[in-house]
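*Asks:* Residue numbers (our numbering), protein chains in the order written: chain B, 1 to 80; chain L, 81 to 160.
Treat each hint with caution, since some may be false.
The list that follows gives simulated cross-link-like pairs (lysine-lysine, DSS-like), each with its CA atoms no further than 27 Å apart [said to hold, decoys possible]:
| no. | chain 1 | residue 1 | chain 2 | residue 2 |
| --- | --- | --- | --- | --- |
| 1 | B | Lys10 | L | Lys82 |
| 2 | L | Lys82 | B | Lys19 |
| 3 | B | Lys19 | L | Lys135 |
| 4 | L | Lys135 | L | Lys82 |
| 5 | L | Lys99 | B | Lys10 |
| 6 | B | Lys55 | L | Lys135 |
| 7 | B | Lys2 | L | Lys90 |
| 8 | B | Lys2 | L | Lys99 |
| 9 | B | Lys55 | L | Lys99 |
Here are the computed distance ranges between Cβ atoms for each label pair [stated by the list, open to error]:
| no. | chain 1 | residue 1 | chain 2 | residue 2 | range |
| --- | --- | --- | --- | --- | --- |
| 10 | L | Ala125 | B | Lys2 | 26 to 34 Å |
| 11 | L | Asp115 | B | Lys55 | 27 to 35 Å |
| 12 | L | Asp130 | B | Ala60 | 26 to 34 Å |
| 13 | L | Ala160 | B | Thr11 | 29 to 37 Å |
| 14 | L | Asp129 | B | Gly29 | 18 to 26 Å |
| 15 | L | Ala100 | B | Ala60 | 17 to 25 Å |
| 16 | B | Ala60 | L | Glu139 | 19 to 27 Å |
| 17 | L | Ser136 | B | Gly12 | 30 to 38 Å |
| 18 | L | Asp129 | B | Ala60 | 36 to 44 Å |
| 19 | B | Ala79 | L | Lys90 | 39 to 47 Å |
| 20 | B | Gly29 | L | Met81 | 14 to 22 Å |
Some chain B residues flagged as far from chain L (calculated, every beta-carbon gap over 10 Å) [stated by the list, open to error]:
| no. | residue |
| --- | --- |
| 21 | Val13 |
| 22 | Val41 |
| 23 | Glu59 |
| 24 | Gly73 |
Note that these hints are calculated values from the structure, not bench results. Using N, Cα and C, we set each Cβ at its ideal position, and we do this for glycine too.
There are 2 protein chains.
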Amino acid sequence: MKAVVHVYLKTGVLDVQGKAVQTALHGLGWADVDDVRVGRVIEFALAGDDETEAKSRVEAMCARLLANPVIEGYRVEIAA
Amino acid sequence: MKAVVHVYLKTGVLDVQGKAVQTALHGLGWADVDDVRVGRVIEFALAGDDETEAKSRVEAMCARLLANPVIEGYRVEIAA
């Protein structure tokens with residue numbers, strides 16, 4: 001089965017990369033762009049066919065490696 | 081309205097970051113994880129309420145700044 005993990009900065013944490021993108025877009029003439037946030041998506045295949053078990057395993061991966069729980073949140077999607 | 085841009089490496093382009101994540105997950109005991117790909121998501125607000133016009137503007141932003149069209153593809157979603 002396939003896992004998709006969305007990792008994003010928690011609300012209130014300054015998104016430096018987002019600010020840089022926003023400044024660059026303004027500089028290119030898109031002055032109405034606002035509130036830019038940049039996150040990442042990690043996709044991978046994993047063995048087994050129990051979705052609930054897979055989701056709990058992927059959440060453990062997030063807590064151990066894929067996200068920094070101090071400043072980042074995450075959302076896990078499992079597809080067959 | 082709100083734009084969500086997904087940027088991912090094209091198929092066939094070596095995903096070095098994905099390989100590093102995969103090696104780390106294997107090292108932590110999740111040996112069945114395979115084919116890890118890391119992409120990014122850029123979310124922002126923009127003015128106007130014509131979804132078609134907004135989508136074409138955001139696609140221009142992708143071509144100019146948000147993605148590297150040589151090695152990356154992108155998908156644009158517009159929400160009210």
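*Asks:* Does each hint hold? Answer for all of them.
*Replies:* Do the hints match the structure? See the list:
no. : hint                            : in the structure
1   : B/Lys10 to L/Lys82              : holds (18 Å)
2   : L/Lys82 to B/Lys19              : holds (16 Å)
3   : B/Lys19 to L/Lys135             : holds (21 Å)
4   : L/Lys135 to L/Lys82             : holds (10 Å)
5   : L/Lys99 to B/Lys10              : holds (26 Å)
6   : B/Lys55 to L/Lys135             : violated (33 Å)
7   : B/Lys2 to L/Lys90               : holds (18 Å)
8   : B/Lys2 to L/Lys99               : holds (16 Å)
9   : B/Lys55 to L/Lys99              : holds (21 Å)
10  : L/Ala125 to B/Lys2: 26 to 34 Å  : holds (31 Å)
11  : L/Asp115 to B/Lys55: 27 to 35 Å : violated (18 Å)
12  : L/Asp130 to B/Ala60: 26 to 34 Å : violated (44 Å)
13  : L/Ala160 to B/Thr11: 29 to 37 Å : violated (21 Å)
14  : L/Asp129 to B/Gly29: 18 to 26 Å : holds (20 Å)
15  : L/Ala100 to B/Ala60: 17 to 25 Å : holds (19 Å)
16  : B/Ala60 to L/Glu139: 19 to 27 Å : violated (38 Å)
17  : L/Ser136 to B/Gly12: 30 to 38 Å : holds (33 Å)
18  : L/Asp129 to B/Ala60: 36 to 44 Å : holds (43 Å)
19  : B/Ala79 to L/Lys90: 39 to 47 Å  : violated (21 Å)
20  : B/Gly29 to L/Met81: 14 to 22 Å  : holds (18 Å)
21  : Val13                           : holds (14 Å)
22  : Val41                           : violated (5 Å)
23  : Glu59                           : holds (12 Å)
24  : Gly73                           : holds (13 Å)
The structure shown violates the earlier hints numbered 6, 11, 12, 13, 16, 19, 22.
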